[in-house]
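Chains as they are written, first to last, in my numbering: chain A, 11 to 348; chain E, 11 to 348; chain P, 11 to 348.
Derived by calculation from the structure, the hints in this document are not laboratory data. Glycine included, each C-beta is placed from N, C-alpha and C at the ideal position. There's no promise every hint is true.
Just a few of them, taken from the derived set where beta-carbon distance is under 10 Å, the chain E residues facing chain A [to be verified]:
id, residue
1, I15
2, T18
3, G20
4, V29
5, L37
Here are the computed lysine to any residue pairs in the SDA-like style, where the Cα-Cα straight-line distance is at most 20 Å [what the hints assert, rightly or not]:
id, chain 1, residue 1, chain 2, residue 2
6, E, K309, P, N237
7, A, K206, P, Y93
8, P, K210, P, N237
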Amino acid sequence: MAKKISYTLGDICQQTDSVLIGDEDYLIHGLNTLQEAMKGELSFLSNASYQKYLKSSHAGAVILTPDTQDLFDGNKLVTEQPYYVFAQVTRLFVPVFPEEQRVIHSSVIMGDHCHIPDCVSIAANVVIGNRVHFEENVTIGAGCVIGDDVTIGHDSILYPNVTIYNKVTIGSSAIIHSQVVIGSDGFGFAPNTNTKGWQKVHQLGSVHIGHDVEIGAGTTIDRGAINNTIIGNGVKLDNQIQIAHNVEVGENTAIAGATAIAGSAVIGKRCTIAGAVGIIGHITISDDVHITAMTLVTKSIDTPGSYSSGTAMNTTSEWRKNAACFNRLSKQFRKIQK
Amino acid sequence: MAKKISYTLGDICQQTDSVLIGDEDYLIHGLNTLQEAMKGELSFLSNASYQKYLKSSHAGAVILTPDTQDLFDGNKLVTEQPYYVFAQVTRLFVPVFPEEQRVIHSSVIMGDHCHIPDCVSIAANVVIGNRVHFEENVTIGAGCVIGDDVTIGHDSILYPNVTIYNKVTIGSSAIIHSQVVIGSDGFGFAPNTNTKGWQKVHQLGSVHIGHDVEIGAGTTIDRGAINNTIIGNGVKLDNQIQIAHNVEVGENTAIAGATAIAGSAVIGKRCTIAGAVGIIGHITISDDVHITAMTLVTKSIDTPGSYSSGTAMNTTSEWRKNAACFNRLSKQFRKIQK
Amino acid sequence: MAKKISYTLGDICQQTDSVLIGDEDYLIHGLNTLQEAMKGELSFLSNASYQKYLKSSHAGAVILTPDTQDLFDGNKLVTEQPYYVFAQVTRLFVPVFPEEQRVIHSSVIMGDHCHIPDCVSIAANVVIGNRVHFEENVTIGAGCVIGDDVTIGHDSILYPNVTIYNKVTIGSSAIIHSQVVIGSDGFGFAPNTNTKGWQKVHQLGSVHIGHDVEIGAGTTIDRGAINNTIIGNGVKLDNQIQIAHNVEVGENTAIAGATAIAGSAVIGKRCTIAGAVGIIGHITISDDVHITAMTLVTKSIDTPGSYSSGTAMNTTSEWRKNAACFNRLSKQFRKIQK
Chain A
11 MAKKISYTLG DICQQTDSVL IGDEDYLIHG LNTLQEAMKG ELSFLSNASY QKYLKSSHAG
71 AVILTPDTQD LFDGNKLVTE QPYYVFAQVT RLFVPVFPEE QRVIHSSVIM GDHCHIPDCV
131 SIAANVVIGN RVHFEENVTI GAGCVIGDDV TIGHDSILYP NVTIYNKVTI GSSAIIHSQV
191 VIGSDGFGFA PNTNTKGWQK VHQLGSVHIG HDVEIGAGTT IDRGAINNTI IGNGVKLDNQ
251 IQIAHNVEVG ENTAIAGATA IAGSAVIGKR CTIAGAVGII GHITISDDVH ITAMTLVTKS
311 IDTPGSYSSG TAMNTTSEWR KNAACFNRLS KQFRKIQK
Chain E
11 MAKKISYTLG DICQQTDSVL IGDEDYLIHG LNTLQEAMKG ELSFLSNASY QKYLKSSHAG
71 AVILTPDTQD LFDGNKLVTE QPYYVFAQVT RLFVPVFPEE QRVIHSSVIM GDHCHIPDCV
131 SIAANVVIGN RVHFEENVTI GAGCVIGDDV TIGHDSILYP NVTIYNKVTI GSSAIIHSQV
191 VIGSDGFGFA PNTNTKGWQK VHQLGSVHIG HDVEIGAGTT IDRGAINNTI IGNGVKLDNQ
251 IQIAHNVEVG ENTAIAGATA IAGSAVIGKR CTIAGAVGII GHITISDDVH ITAMTLVTKS
311 IDTPGSYSSG TAMNTTSEWR KNAACFNRLS KQFRKIQK
Chain P
11 MAKKISYTLG DICQQTDSVL IGDEDYLIHG LNTLQEAMKG ELSFLSNASY QKYLKSSHAG
71 AVILTPDTQD LFDGNKLVTE QPYYVFAQVT RLFVPVFPEE QRVIHSSVIM GDHCHIPDCV
131 SIAANVVIGN RVHFEENVTI GAGCVIGDDV TIGHDSILYP NVTIYNKVTI GSSAIIHSQV
191 VIGSDGFGFA PNTNTKGWQK VHQLGSVHIG HDVEIGAGTT IDRGAINNTI IGNGVKLDNQ
251 IQIAHNVEVG ENTAIAGATA IAGSAVIGKR CTIAGAVGII GHITISDDVH ITAMTLVTKS
311 IDTPGSYSSG TAMNTTSEWR KNAACFNRLS KQFRKIQK
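Chain A with its partners taken away, still in its complex shape (with noise of 0.2 Å):
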């Protein structure tokens, strides 16, 4: 069994950016939501709407605004950024295992002219190629498979099953979730007008991942034709977004799951991008924008701000008139403007 966690909240106050009001020997086992906490557990309201289980929580102790901090009786730990210390909380809770340690499995299979500190752990049947280069305290999990020539940054993370292609650079404190392939070939072909069959554009860029970015279960993300794919630093990516060869992700950004971007698109820094969100090639999104989800991004953004496509959910027996109509609106306005 995994080693039981607890601090006082003392000791979590300490490791926070926060200010403790109450029992600093209070001993925390857990987290949880203010209806669900019990005696023990910490809590957080960051949403106000949540406001409302706040006076009636069991929490043995809440992570509060100084502007909501007198709503409640019991411990608290006060900042301007609730949410922000509680994730810096649970980062204390992660289960650590004694048997955890930094080793090599004998089962690894690694190449020539290999780079790996004595501090980097490796677990079974992982494949490495030729000339990799790990820095400290990388960890890579079971069954995966990594290219020549490839080096990874200190603090780094991959989850089993990872592929990561010939070359590919990733930097430091990157977690990579399962199934993830970096470095995959663009999809790059020539129309042959004699056969009209296609004729590859081999890729012949790689991928370049910053520091701090994390890459959710299934992504994939394609080298660059000629030059590379980029994923800036603080970037965070959710599962199964494709990112297409030449792409470029600003700092900070962050996109949910099942987005996909087509070649040569740029994006800013500090985007949100929603879920299932199409972003068609060769556009540049600037700083700070904000897609919603299954929007489909048809051209060059240069203002921050939000934007939409798509239409609201409706019953299927009203979207269907709707729908027809939307199919002659054209011809409407004509006659309308007659």
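Mind docking chains E and P on chain A? Use the hints.
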């Protein structure tokens, strides 16, 4: 080669919920469509639009309803649910290879304190963590990686290269296809307003999969932030579905491929959700709801029925004009009102 | 390090469908865009919008058409299809590492009665079933799992961690990227009206992949219910495409990333389907059809041309007003009619 499979119609009738009219010794060696079936093959009529092929079908026997049984002169199996009986029959024709044995391959790497009964099959290069608990007749395909403290119920099958993270529980009779990931981190980050970067919210919950669940190739299911992500009994998930943290899917709901469900969405029982649907987070969908393909579910649904969004397909030239009108719709409406 | 690659322009000309104007001994050591190319690098002009970069390009040579050849003073390769010739040249610059040899790694696990010619390369930890048949020059990446009775044609490449189920056949010169799954079960279930649950329709068909097919990372192709799922010769599939059971994709059709195709859809030859498209089941698309990004194909298409659905992007605030009007469209139309 696989063993040649054949059954008498009498045998097939006994193993399904049907009544035989015809020769109980007639030998069936395969299944086929009405149009393509030959002597010795069994077919079925379920969709009225295929009735035209019935009269001239060369099928050796056909599964029919009491209403349609008189339309065919040959052998027949009669039932109120022909497609259901056909489904029962398909099970009999799954090839069984003599070499499939209940063995644990010598290359399997297993942690400590695992509970693995004798009648379990684990293929080559599987990596299993500590304290893993399998019930009887579990089958694990080659290259699967199974984390610590995972539980898998009896008669469940994992196809090759599946990844299960720590602490996930899977019920009995599960069928999990290749490249599925269960238990990867939910997409949780708190904005750090000082650095404009993101603080990871470590995902402390897990995933609970019920009994009789099928999960298609490449589907990803994230672990919960605090509590668990929950997939109910009898749920059927197609390929490349993305299920975010703390989603709950009710019993016997079926979801088609490439659908993405955002965090904390709660989906009822017996829903049928078509392909490429998006469901936003923190909403509730009641029981017996149908969602059509590529709909974005933008709000909670509390009434059973069918729901849609989007527009219907058109030629691009017509579509372009109508889409331009859509973006002037509100202004045009106000103009007309005047 | 990889061998340094360089060719004379004369060599390059001989290996492509082009005519050289300039110094046949000029040495080319890399490829680049017009803007970034330096001495010793070869570039191309295919898209008129890049013509402005031609005059001032430092490229050592440029691929041009008879119409544009006079716009550049340096060395040139002349052809009617510059992008096609560029594609031919990229092949010459794929790095070839001296250590790439035709070997079967000692860790490979193989079943009985396989046919594996000498000139085949199988990387570490590959697991191969029984009665598998490879033709010459097949390359299998690390961690791939290949089921029983699979056939793979000559010169085909599987990148690491691909999964091929039983009985799948793959033609010659295929390129299959990591995490692809071919042959997983189609999504087939019959409702059991008594239990309100689902009865699995076991998937008894397989998948047939033609020659010269490329399949992008994370794409999944399900096996047929009774007959086969079929991917024609020369088809190019991008990443994370979902192809359901009994789909047929015609010769030389190219499909971009994140597109999902429902069961029994039949797609013609030479179609180009953009990214994130949805195609519903049991419809037919004729040859030479183009579908724009994120379109939902809701019915059969029998005329070549371009087809679309959806709406164009807008600011969220404007979009919200127009989307609200869309949901009153039918009523408004009737009101106007009166």
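Hints versus structure:
1. The interface hint given for E/I15 is violated, since its Cβ lies 34 Å from the closest Cβ of chain A, which is over the 10 Å cut-off.
2. Violation of the interface hint for E/T18 is found here, the shortest Cβ-Cβ separation to chain A being roughly 45 Å, above the 10 Å cut-off.
3. For E/G20, the suggested interface contact is broken, since its CB lies about 45 Å from the closest CB of chain A, more than 10 Å.
4. For E/V29, the shortest C-beta to C-beta distance to chain A is roughly 37 Å, which exceeds 10 Å, and the interface hint is violated.
5. Taking 10 Å as the C-beta cut-off, the interface hint given for E/L37 is violated, the closest approach to chain A being about 44 Å.
6. Pair hint E/K309 plus P/N237 does not hold up; C-alpha atoms about 40 Å apart against a cutoff of 20 Å.
7. With a C-alpha separation of about 14 Å, the suggested pairing of A/K206 with P/Y93 holds against the 20 Å cut-off.
8. Taking the CA atoms of P/K210 and P/N237, the gap is about 17 Å. The hint holds against a cut of 20 Å.
When the structure is compared with the earlier hints, violations turn up for hints 1, 2, 3, 4, 5 and 6 and for no others.
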